[in-house]
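Q: Sequence:
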Amino acid sequence: MGTPYPNPISPAQTRIGWIGIGVMGAAMASRLISAGYSLIVYARTPSKAAPLQSQGAHLADSPFQLAQRADVVFTMVGHPSDVRSNVLGPNALLSGLNPNCVNVDMTSSHPALAREIFDAARAKDCWSVDAPVSGGDIGAREGKLAILAGGDASVVEWLAPLFEIMGKVTYMGPAGCGQSCKIGNQITVGANLLGLSEGLVFAERAGLDVRRFMEAVRGGAAGSKVMELFGERMIERDFRPGGFAEYMVKDMGMGVDVVEEGEDGKVVVLPGAALCKQLFSGMVANGDGKLGTQGLITAIERLNGK
Numbered sequence: 611m612g613t614p615y616p617n618p619i620s621p622a623q624t625r626i627g628w629i630g631i632g633v634m635g636a637a638m639a640s641r642l643i644s645a646g647y648s649l650i651v652y653a654r655t656p657s658k659a660a661p662l663q664s665q666g667a668h669l670a671d672s673p674f675q676l677a678q679r680a681d682v683v684f685t686m687v688g689h690p691s692d693v694r695s696n697v698l699g700p701n702a703l704l705s706g707l708n709p710n711c712v713n714v715d716m717t718s719s720h721p722a723l724a725r726e727i728f729d730a731a732r733a734k735d736c737w738s739v740d741a742p743v744s745g746g747d748i749g750a751r752e753g754k755l756a757i758l759a760g761g762d763a764s765v766v767e768w769l770a771p772l773f774e775i776m777g778k779v780t781y782m783g784p785a786g787c788g789q790s791c792k793i794g795n796q797i798t799v800g801a802n803l804l805g806l807s808e809g810l811v812f813a814e815r816a817g818l819d820v821r822r823f824m825e826a827v828r829g830g831a832a833g834s835k836v837m838e839l840f841g842e843r844m845i846e847r848d849f850r851p852g853g854f855a856e857y858m859v860k861d862m863g864m865g866v867d868v869v870e871e872g873e874d875g876k877v878v879v880l881p882g883a884a885l886c887k888q889l890f891s892g893m894v895a896n897g898d899g900k901l902g903t904q905g906l907i908t909a910i911e912r913l914n915g916k
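Heads up, the sequence shown is in the numbering used here, so the first residue is 611 and it goes up one at a time.
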């Protein structure tokens, strides 16, 4: 028997399902296995699950089958459309989830969709939490992600033993608030990536040693977590993705372009975010959408003829 909410979570009893095993998802799922949890995985391309299977994960044939065998199901996919198809679509996980079991969506998705999933889950006597993350591939591997949770506060608290394996969770409010927090996070991260990119390009053009430049400013007001995570990668031309540049277009677009549910009072003028979205869109147009977000420096370099 598993441990549906509110019975205490434990490695010996709680069965975990995981959908989405890209760079971030695979690292997060691996940490749960290493902590002793039984993991069931669904992957559209089953061969991609081989590394997790070698750690002991089991493979499900569909989200529905996975949900029937799990107490807590995590989703970490690409786009809101992927969330909808995996959670709400035909043969999807919510149709297979047992009463009092929990879906935790860690995808960067839309707040309105998170609220829709929460209502659909409650109609089935299940629970749903939107819990997108920040911290990139390094944070995922090291268990140092910032987890931004929306939903029922007691369910988020119940999930703490699992969240603690992946990082630090902060409860943001009712369903959708985790996703709204992530959009705000991406707006802030985008601005920092742009500033760091321009600072490095300027320093190089001015004839400075870019590493010395970064060391000189990182202890002052210019220093940031973005600089710590991505500064050296930018200098080394290491654009391997922790998060894809194309996802920044999606994330920032939800803040810049979308009026939630037609409520004009929620429109916010975000000129900096609009510029960042445009620059990331330029990366996608140039075929660089699969670069890591630190690849934004290439867009600034291209504008400067490099």
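Some hints could be false.
Unchecked claim - In silico DSSO-like links for lysine-lysine, alpha-carbon gap of 27 Å or less:
hint	residue 1	residue 2
1	K658	K900
2	K835	K778
3	K860	K835
4	K754	K835
5	K658	K835
6	K658	K754
7	K860	K778
8	K900	K916
9	K754	K778
10	K916	K754
11	K860	K900
12	K835	K734
13	K900	K835
Read the hints as simulated data drawn from the structure, not as lab findings.
Q: Taken at face value, is the distance from the CA of K900 to the CA of K860 at most 27 Å?
A: Holds - the C-alpha atoms of K900 and K860 are around 13 Å apart, at most 27 Å.
Q: Please work out if K754 and K835 have their alpha carbons no farther apart than 27 Å.
A: The hint holds at about 13 Å.
Q: For K835 and K778, compute the direct alpha-carbon distance and say whether it is at most 27 Å.
A: holds, 16 Å
Q: Against the 27 Å threshold, does the CA-CA distance of K916 and K754 hold or violate the hint?
A: At roughly 35 Å apart (the allowed maximum being 27 Å), K754 and K916 break the hint.
Q: Assess, step by step, whether the Cα of K835 is no farther than 27 Å from the Cα of K734, and give holds or violated.
A: Roughly 41 Å separates the two Cα atoms, so the pair is violated.
Q: Between K658 and K835, is the straight-line Cα distance small enough, at 27 Å or below?
A: violated, 31 Å
Q: Given the hinted pair K658 and K754, is their alpha-carbon gap at most 27 Å?
A: holds, 24 Å
Q: K658 and K900: Cα distance at most 27 Å?
A: holds, 18 Å
Q: Between the alpha carbons of K860 and K835, is the straight-line distance 27 Å or under?
A: holds, 22 Å
Q: What's the verdict on K900 and K835, does the C-alpha distance respect the 27 Å limit or exceed it?
A: holds, 22 Å
Q: Between K900 and K916, is the straight-line Cα distance small enough, at 27 Å or below?
A: holds, 20 Å
Q: Would you check the hint for K754 and K778, treating anything up to 27 Å between C-alpha atoms as holding?
A: holds, 7 Å
Hints 5, 10, 12, counting from the list given before, are not met by this structure.
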